[in-house]
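Can you build the whole structure from these sequences, using the hints too?
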Amino acid sequence: MNNENEQLKSDLLINDEKIKNLNFRIPWYYSLWTISLLILSTFSTYSISFIVAIIFLFKRNKIMKKHKDSISMLLSDVEKINNKYISLNDEIKMKEKYFKDLCESNEKTLKELSNLLDKKKTEIDKFDSENQDKFKLIEELKIEKERLDNLIKDKNILKDNINTLNSHLEELKDEREELRDINETLKNKKEALKRLSEELIQTEDEVLLQSFGLYNPKYDFENSDEYMEKLKEIREMQKLLIRNKTGVKYSDSWTVDGSVQKGRTMTNQNIKTALKLFNSECDIAMSKVSFKNIDAVEKRIRKAFTDTNKLNTSNKVSIKENYLNLKIDELYLYYEYLQMKEEEKEEQRALREQMKEEALVQKEIENQKRKLKKEELQFKNELLRLKSTIPEDENDKLEWEQKINSIEEKLALLSKNLDDVLNREQNTRAGHVYIISNIGSFGENIYKIGVTRRLDPTERINELSSASVPFKYDIHATIFSEDAPKLESALHKAFDNKRVNKVNNRKEFFEVTLDEIRSEVEKNFDKTVEYTKLAEAQEYRQTLKIQELNNKLA
55 MNNENEQLKS
65 DLLINDEKIK
75 NLNFRIPWYY
85 SLWTISLLIL
95 STFSTYSISF
105 IVAIIFLFKR
115 NKIMKKHKDS
125 ISMLLSDVEK
135 INNKYISLND
145 EIKMKEKYFK
155 DLCESNEKTL
165 KELSNLLDKK
175 KTEIDKFDSE
185 NQDKFKLIEE
195 LKIEKERLDN
205 LIKDKNILKD
215 NINTLNSHLE
225 ELKDEREELR
235 DINETLKNKK
245 EALKRLSEEL
255 IQTEDEVLLQ
265 SFGLYNPKYD
275 FENSDEYMEK
285 LKEIREMQKL
295 LIRNKTGVKY
305 SDSWTVDGSV
315 QKGRTMTNQN
325 IKTALKLFNS
335 ECDIAMSKVS
345 FKNIDAVEKR
355 IRKAFTDTNK
365 LNTSNKVSIK
375 ENYLNLKIDE
385 LYLYYEYLQM
395 KEEEKEEQRA
405 LREQMKEEAL
415 VQKEIENQKR
425 KLKKEELQFK
435 NELLRLKSTI
445 PEDENDKLEW
455 EQKINSIEEK
465 LALLSKNLDD
475 VLNREQNTRA
485 GHVYIISNIG
495 SFGENIYKIG
505 VTRRLDPTER
515 INELSSASVP
525 FKYDIHATIF
535 SEDAPKLESA
545 LHKAFDNKRV
555 NKVNNRKEFF
565 EVTLDEIRSE
575 VEKNFDKTVE
585 YTKLAEAQEY
595 RQTLKIQELN
605 NKLA
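Under the working numbering, residues 55 to 608 are what the sequence shown spells out, in order.
Worth flagging that the hints you see were computed from the coordinates, not collected in a lab. Check each hint, because a few of them may be wrong.
Stated by the list, open to error - With a Cα cut of at most 25 angstroms, we get these calculated DMTMM-like pairs of lysine to aspartate or glutamate: (1) 427 - 463; (2) 526 - 584; (3) 353 - 287; (4) 151 - 166; (5) 556 - 401; (6) 330 - 383; (7) 213 - 203.
Said to hold, decoys possible - So the derived label-pair ranges between C-beta atoms look like this: (8) 428 - 576: 39 to 47 angstroms; (9) 546 - 463: 40 to 48 angstroms; (10) 496 - 289: 43 to 51 angstroms.
Note that the structure is a prediction, hence the values are computed from the model and not measured. Beta carbons are placed, not taken as given, at the ideal position from N, Cα and C, and that holds for glycine.
What follows is the structure, given as structure tokens:
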């Protein structure tokens with residue numbers, strides 16, 4: 055409807071515009087009075103005026119016809135619009151009547167729904183009243199059901215008690231065997247206690263170490279292969295206990311469907327399941343063993359032993375103490391085996407490092423020998439050349455002698471240096487003991503005391519100042535000794551109780567003062583040693599200044 059109204063308005067506007075655009079004006083030369091004048095003039099002029107008048111009259115009629123056609127079209131459009139308006143008006147009246155009828159129908163329907171709602175409400179109230187009685191009956195039935203459930207539970211408890219009593223009667227038959235096993239276990243415990251008493255820690259220092267969780271080895275094998283052999287032996291003993299069924303306690307009295315054979319099959323399956331569960335728990339626990347949790351892993355194995363036996367109480371299957379003891383032995387053997395493997399790896403790393411160092415030293419010596427021999431050959435050739443040409447002039451002769459003396463002195467020095475290098479090559483204990491610090495990395499009064507056979511010890515110290523530490527090492531002293539390892543060992547022994555790492559002796563860091571080091575060097579070395587007391591720590595001190603500046607800017 056709205057679209058039709060809009061269309062009607064649009065048509066009216068278009069017609070108004072057309073009416074405005076109508077122009078009924080006739081050009082003056084087509085007007086009646088102009089044509090009349092032309093006709094009158096024919097009587098006094100030539101006949102051409104008459105012809106022109108006839109043409110103008112024809113043009114005027116044509117224009118009048120065109121205007122008449124336009125007016126006819128406009129009247130036709132107005133008629134159409136008027137008809138459309140009448141049609142729309144009739145349609146509006148029909149719509150108004152429809153909406154009025156619809157409203158009356160809705161009011162009637164609403165009234166009917168209201169009556170129906172009141173009726174349903176009355177029915178619901180009646181239904182609620184009837185259900186109240188049913189709910190009471192349901193509650194009473196629930197109470198009765200609960201009472202019956204309790205009776206059933208009591209009956210089951212009585213049944214379980216009867217089964218328990220029957221089980222106790224069966225267990226009494228095995229009591230004598232268990233007592234025998236207990237006596238055997240007690241005997242083993244006494245022997246174990248005797249061994250433990252002999253191994254008890256006697257000194258307060260050792261007690262203190264144990265309280266800090268330091269591990270005291272139970273075995274004293276020299277290498278990992280010996281540990282592995284012992285591990286294989288322990289595991290073979292476990293397999294023997296499993297094959298002979300001497301590692302478990304079980305009952306042969308079971309029958310299944312009246313069959314003793316089926317009962318034995320079930321018992322064997324229960325034994326297999328119990329051992330598999332216990333072994334699995336032990337394997338998982340041992341796979342995570344470390345120096346921090348060795349005691350906790352042992353407790354976990356013992357708990358797995360107890361839990362497995364509890365789970366299999368109704369099956370009359372339990373793992374014996376002798377099998378548990380083998381598992382505990384395996385745990386400590388495996389732990390010490392891992393420790394030994396790690397120590398062997400560390401020794402291999404140290405050996406590789408030593409071999410690398412020896413190779414570098416040998417290469418350095420070879421290069422130095424080549425260099426010295428080359429220089430010696432050059433000076434000898436120069437000396438031969440000079441001696442072959444003796445100048446006659448006294449002044450030239452004096453200069454010639456000075457050159458010869460200078461070359462001979464250089465040759466003597468080269469010979470001495472070459473002898474030193476050859477001596478270093480033959481004497482593998484000759485080298486430098488170095489004393490260095492790194493206060494940016496480790497703090498004050500922490501010194502590394504090491505040894506190197508390098509001809510230039512600073513090369514080794516620069517290697518230590520690699521990316522593994524944030525700042526370079528500062529050199530406090532380098533001491534050349536014909537027996538450098540002996541001097542290093544003496545210093546390490548003197549400061550053994552002041553090691554930073556008290557577990558790994560390959561870490562050569564000590565918490566001492568430089569004066570203490572100087573005093574100990576004087577006791578073991580009879581030559582003068584120059585010391586640099588103040589650590590330069592250039593990069594570290596510059597870093598502190600930058601940090602201080604950043605803090606101020608922040």
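Against the structure, the hints:
For a cut-off of 25 angstroms, the pair hint linking residue 427 to residue 463 stands: about 15 angstroms separates their Cα positions. Restraint check for residue 526 and residue 584: the C-alpha separation of about 21 angstroms stays at or below 25 angstroms, so the hint holds. Note on residue 353 and residue 287: the hinted pairing holds, with a Cα-Cα distance of about 23 angstroms set against a maximum of 25 angstroms. At most 25 angstroms may separate the alpha-carbon atoms for a hinted pair to count; residue 151 and residue 166 meet this at roughly 23 angstroms.
For a cut-off of 25 angstroms, the pair hint linking residue 556 to residue 401 stands: about 17 angstroms separates their Cα positions. Of the pairs offered as hints, the one joining residue 330 and residue 383 holds, with about 18 angstroms between alpha carbons and a cut-off of 25 angstroms not exceeded. Taken as a hint, the residue 213 and residue 203 pair is honoured in the structure, with Cα atoms around 15 angstroms apart against an allowance of 25 angstroms. At about 40 angstroms, the CB distance of residue 428 to residue 576 agrees with the hint of 39 to 47 angstroms.
A hinted range of 40 to 48 angstroms for the beta carbons of residue 546 and residue 463 is consistent with their spacing of about 42 angstroms. Taking 43 to 51 angstroms as the suggested C-beta distance range, the pair residue 496 and residue 289 conforms, at roughly 45 angstroms.
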